[in-house]
Amino acid sequence: MRKIMIILLLIAVLSAIFPGRILAESDYDFEPNKIFEDQLDGLDLSTLQTFINQIDRDVGEYIPEINPGKIIKDMREGRLDLGFSTILNGLIKYLLHELIAHSSLMGKLVILSVLCAVLSSLLDAFEGSTGKIAHTMIYFVLITIALGSFTMAVNIGRNTIDQMVSLVQALLPILLTLLAAVGGISSTAILHPFLIAALGLLGTLIKNFVLPMIYFFAILTAANHINPKFRVSRLAALFKDIGVASLGLFLTLFVGFLGLQGIAGAVADSVTLKTAKFMTGTFIPVVGKTLADALEVVIGTSLLLKNAVGLVGVIILFILCAFPLIKIISMVIIYRLAASLIQPFGDNEVADALHAMGNALTLVFAAVTGVALMFFMAISVIVGMGNINVMLR
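Heads up, the sequence shown is in the numbering used here, so the first residue is 1314 and it goes up one at a time.
Honestly, the hints are just simulated from the structure, not real lab data. What you were told as hints is all true, and nothing was included just to trick you.
Pairwise CB distance ranges, derived in the manner of DEER restraints:
id, residue 1, residue 2, range
1, 1424, 1558, 34 to 40 angstroms
2, 1374, 1509, 31 to 37 angstroms
3, 1457, 1547, 23 to 29 angstroms
4, 1559, 1656, 29 to 35 angstroms
5, 1543, 1486, 49 to 55 angstroms
6, 1562, 1465, 23 to 29 angstroms
7, 1548, 1380, 47 to 53 angstroms
8, 1565, 1397, 29 to 35 angstroms
9, 1656, 1562, 34 to 40 angstroms
10, 1506, 1357, 19 to 25 angstroms
11, 1572, 1417, 45 to 51 angstroms
12, 1525, 1362, 32 to 38 angstroms
Once the Cα atoms are required to be at most 30 angstroms apart in a straight line, the calculated DSBU-like pairs of lysine-lysine come out as:
id, residue 1, residue 2
13, 1520, 1406
14, 1406, 1421
15, 1421, 1542
16, 1406, 1383
Only a predicted model underlies this, so the values are computations on that prediction, with no experimental measurement involved. The beta carbon of each residue, even a glycine, is placed where N, CA and C say it ideally should be.
With the hints as constraints, model all of the structure from the sequences given.
Structural data, given as structure tokens:
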């Protein structure tokens, strides 16, 4: 004990003889802009740039250039212009382009249906069985063409889901890192494993279960109109009901679990953030308040950066799903138009089959849209959790 007292006395004497310069709080200068620039430079946005390059290759002529760095800086300065009118005009132009591109499909279906109706009328006058055989053969050709384009639309939906899953999985590490930077450590620990597993599982279930159910529904609906004595409408309706119910169940479970996890993490993080700021300002001598203010600046810039990166991710996600959805909806319009044009010629079976396939494509559209909305919600929850943390603090 005596030795300790002697050492402390020596330290006090030396401090009096050789006084050091104590920095006042005003000597510390924390520039929010510089901190923001340093954080932005430290972010790895190369994975997002890969998706942007793919968008430029596929539909770059219909949308303005996407520059993540420019969007983030414009958002910081309060002069953000996303060019919604340009994007909307591009979507309309793309829809017209797809309708023109698929007009040949409608032409084939209408011409073959007219030939089928004329041939059936001519042959019925001579021999009924021959007319039925000819009608059945042409019907098979028509449905084969229609199913080929339907299969292409389903594959577009599958590829779109794959791209959205890959994008969100690439965006999650960036957003969760920034969420941890604003004090969302508990939220990050809770959400990271859940989201990574849930996104992959959900995408797999919808691609490999829901979309095949819709595909079987379309095939059985087409087969239902081959022969009046061969009906499978109940089986087709069963596949449809299973697909729609499964889609609703998967989306409901994901949104419910995501909301519960987010609320639990946000409450815990708000307490942690307040405690960290209080301890920094109270228990660190001399510069404690300055460090607490610095913590405030870092949290504020991280919050702005997280929101900006989330906005960039939402824009990319919207474009990734919007153009394939327009391609699918254009094929729905083609099927409906073809069915409407064919029906006056008296071939109700072909018209009903095409109309039902249009309905099946509408279900594909709904499935892809549901996945996109779910991913939008996941990004929004992560972005909103950081805002809640700061607000509760």
